[in-house]
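A.B. asks: Spelled out, the chains give:
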Amino acid sequence: AQKVTQTQTSISVMEKTTVTMDCVYETQDSSYFLFWYKQTASGEIVFLIRQDSYKKENATVGHYSLNFQKPKSSIGLIITATQIEDSAVYFCAMREGDSGTYQRFGTGTKLQVVP
Amino acid sequence: DTTVKQNPRYKLARVGKPVNLICSQTMNHDTMYWYQKKPNQAPKLLLFYYDKILNREADTFEKFQSSRPNNSFCSLYIGSAGLEYSAMYLCASSLGQYNYAEQFFGPGTRLTVL
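So the protein sequences, as listed, match chains C and P.
For the first sequence, the working numbering assigns the number 115 to the last residue and increments by one with no breaks.
For the second sequence, the working numbering assigns the number 1114 to the last residue and increments by one with no breaks.
It should be emphasised that the hints constitute simulated quantities derived from the structure, not laboratory data.
A portion of the hints provided could be inaccurate.
[To be verified] Listed below are the simulated DSS-like cross-link pairs for lysine-lysine, each with C-alpha atoms no more than 30 Å apart in a straight line:
id : chain 1 : residue 1 : chain 2 : residue 2
1  : P       : K1005     : P       : K1038
2  : P       : K1017     : C       : K3
3  : P       : K1044     : C       : K110
4  : C       : K3        : P       : K1063
So here's chain P without its partners, still in its complex pose (with noise of 0.2 Å):
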């Protein structure tokens, strides 16, 4: 099973209010990662976890949050939605151990922020 999955695949939010998306792979891969993608861009690496160990873009630190409670699960938590969060988030998940491992991607959780 090569398969990322990601819960809600949609998701209408408040402004101001918290979000949390859920990332789960049974690949046993050793890290798991969350972009942001909006039309036309490039996806943006919000964070990854690489085993227990958390990075965070410069950029985005204070406005994203993760946890990785285990191997196969992953969070994205945003405390305090704006309109700008509004985009798809994408999970993913490889063996980042190795330079040349491909990422495996999940469907996507589109957030719409009101």
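Pulled out of the complex, with its shape left as it was, chain C reads as follows (with noise of 0.2 Å):
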């Protein structure tokens, strides 16, 4: 069965700076797909990024990226040169890609980001 863990509950950081937030899960499909999502202060949720897992090279959008360590099941979402608004909920899901119906999520970590 597939399962995604978020460890971190809560990080701060200083604006302008890097975070990593991790993401873990399980999988015995061979092909899957891995999304971040975040959720704002209002509540909407919106994609972010998309890592597929037979893909070596890491996704980059914008000032997001991914750290895709497949040997470890981790998929971590790097956020460069953060602002303000980057302050937020994320949300790191799964879909399986020979078995899924349906993206599986983690508990989501939130960010602070402080002036």
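Using the hints, put the two chains back together into the complex; each one sits in its own frame.
C.D. replies: Written out as structure tokens, the structure reads:
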């Protein structure tokens, strides 16, 4: 069965620094897709970035990038040059490619960016 | 237009009373999902429609019902609300046939059961 774990419940960083949020997953499938979403203070959840298990290159979108360590079943989200508006809850999710019909989410990491 | 809309945004219900939540999307997505979100917890999938086929999670099978009269609309129905139903209910949609497709979320309906 698939499982997604985010052990960091809350992180606080200074503005303009780089932060990494951890996520580990469990799956029996050889093919799977990993997602990161952001939930803002208003409650809106938006998709940020995706990593396909068969790709070796780490995905990058804007100032978001991923640290995909397949042997460790780990997919970290890296935010560079953090801004105040990056303060939010970040969710990791996984969908299995062979047997999955939906995404399973982690419990989220709350990021606070301070001036 | 990549928005998912939900109505109402806030709902107050009495214990034992029914609750009906509405979701719509205009992206022609084949799959629509309903999640329950409580503070400090992961979004919990309640059910989803892939086209006209309803899939419900085993542990919430009898607690929630849903209908999808057309591709754009999907409802979530609680027949008899209990205190434990107080939560944010999130609707999402995606091209579910593609495993790599991201989900688009609505703003949520905050349900408070008294």
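A.B. asks: K1005 (chain P) and K1038 (chain P): Cα distance at most 30 Å?
C.D. replies: Holds. K1005 (chain P) to K1038 (chain P) sits at ~20 Å (cutoff 30 Å).
A.B. asks: Against the 30 Å threshold, does the CA-CA distance of K1044 (chain P) and K110 (chain C) hold or violate the hint?
C.D. replies: It holds: about 18 Å lies between the C-alpha atoms, which stays within 30 Å.
A.B. asks: For a C-alpha distance cap of 30 Å, please report whether K3 (chain C) and K1063 (chain P) respect it.
C.D. replies: Holds: K3 (chain C) and K1063 (chain P) sit about 24 Å apart, inside 30 Å.
A.B. asks: Between K1017 (chain P) and K3 (chain C), does the CA-CA distance stay at or below 30 Å?
C.D. replies: The hint is violated at about 34 Å.
Checked against the numbered hints above, the structure breaks only hint 2 and satisfies the rest.
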